[in-house]
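Add chain B to chain A, keeping to what the hints say.
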Amino acid sequence: EAQVTQNPRYLITVTGKKLTVTCSQNMNHEYMSWYRQDPGLGLRQIYYSMNVEVTDKGDVPEGYKVSRKEKRNFPLILESPSPNQTSLYFCASSPLTNTGELFFGEGSRLTVL
Amino acid sequence: RKEVEQDPGPFNVPEGATVAFNCTYSNSASQSFFWYRQDCRKEPKLLMSVYSSGNEDGRFTAQLNRASQYISLLIRDSKLSDSATYLCVVKRSKIIFGSGTRLSIRP
Numbered sequence: 001e002a003q004v005t006q007n008p009r010y011l012i013t014v015t016g017k018k019l020t021v022t023c024s025q026n027m028n029h030e031y032m033s034w035y036r037q038d039p040g041l042g043l044r045q046i047y048y049s050m051n052v053e054v055t056d057k058g059d060v061p062e063g064y065k066v067s068r069k070e071k072r073n074f075p076l077i078l079e080s081p082s083p084n085q086t087s088l089y090f091c092a093s094s095p096l097t098n099t100g101e102l103f104f105g106e107g108s109r110l111t112v113l
Numbered sequence: 001r002k003e004v005e006q007d008p009g010p011f012n013v014p015e016g017a018t019v020a021f022n023c024t025y026s027n028s029a030s031q032s033f034f035w036y037r038q039d040c041r042k043e044p045k046l047l048m049s050v051y052s053s054g055n056e057d058g059r060f061t062a063q064l065n066r067a068s069q070y071i072s073l074l075i076r077d078s079k080l081s082d083s084a085t086y087l088c089v090v091k092r093s094k095i096i097f098g099s100g101t102r103l104s105i106r107p
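Heads up: the sequence lines are chains A and B, in that order.
For the first sequence, position 90 matches number 90 in this note's numbering, and the numbering has no gaps at all.
For the second sequence, position 73 matches number 73 in this note's numbering, and the numbering has no gaps at all.
Bound conformation, chain A alone (with noise of 0.2 Å):
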């Protein structure tokens, strides 16, 4: 089945705790993308990685880091997280750098105490 798989899908931690949330595809894409979603402001993209090697930063990149080693993984990692970094994440993947149609992961629910 094609898909987009992120874990966690819940996380609850503490300030200053490193975590990584995990975003792996099976379809293919060459473009990936992290977006966090809060109330009122809609999807917000974090970074993007248009291949393997590439990536770029999206609106609100400041206090986390992406790698793409291959290209199915597309990891997000939060060095130093922070309370205003709870938010709802959602990672996604296209086949075309030039479509606007994403696949979307369950997103990863995540609370910073």
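Simulated from the structure, these hints should not be mistaken for lab results.
Wrong hints could be hidden among the right ones.
Stated by the list, open to error - Using 27 Å as the maximum straight-line C-alpha spacing, the simulated DSS-like pairs for lysine-lysine come out as follows:
#1 A:65 <-> B:91
#2 A:57 <-> B:45
#3 A:71 <-> B:79
#4 B:42 <-> A:71
Stated by the list, open to error - Derived contacts from chain A toward chain B, CB cut-off under 7 Å, selection only:
#5 10
#6 64
#7 100
#8 101
#9 106
Note that the Cβ used here is the ideal one computed from N, Cα and C, for glycine as well.
For chain B alone, coordinates are given in the frame of chain A:
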């Protein structure tokens, strides 16, 4: 001002009604337009693309007005299962999501 703006709603309409909502975008260089649907606490999913000539998919009709820089979504004969948040998406060099319009269909 947000680049993509939507009325957050909620729109609360009876089953069987027709409901429409708009989305405005500020950048005239926008190239492609889409409507996504997001159920509560779930991931967004593509509902339909929006073409310049307008397009229909069953009970759903999408329109684009480039001159006035808005897109619209019309839902006819609404069903309880249409209750969701509808996200307007605009693409130029990047993909930009609106904050969404909440729709609630009551029996």
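Flag every earlier hint the structure violates by its number, smallest first. Hints 3, 5 and 6 are the ones this structure does not satisfy, whereas the remaining hints hold.
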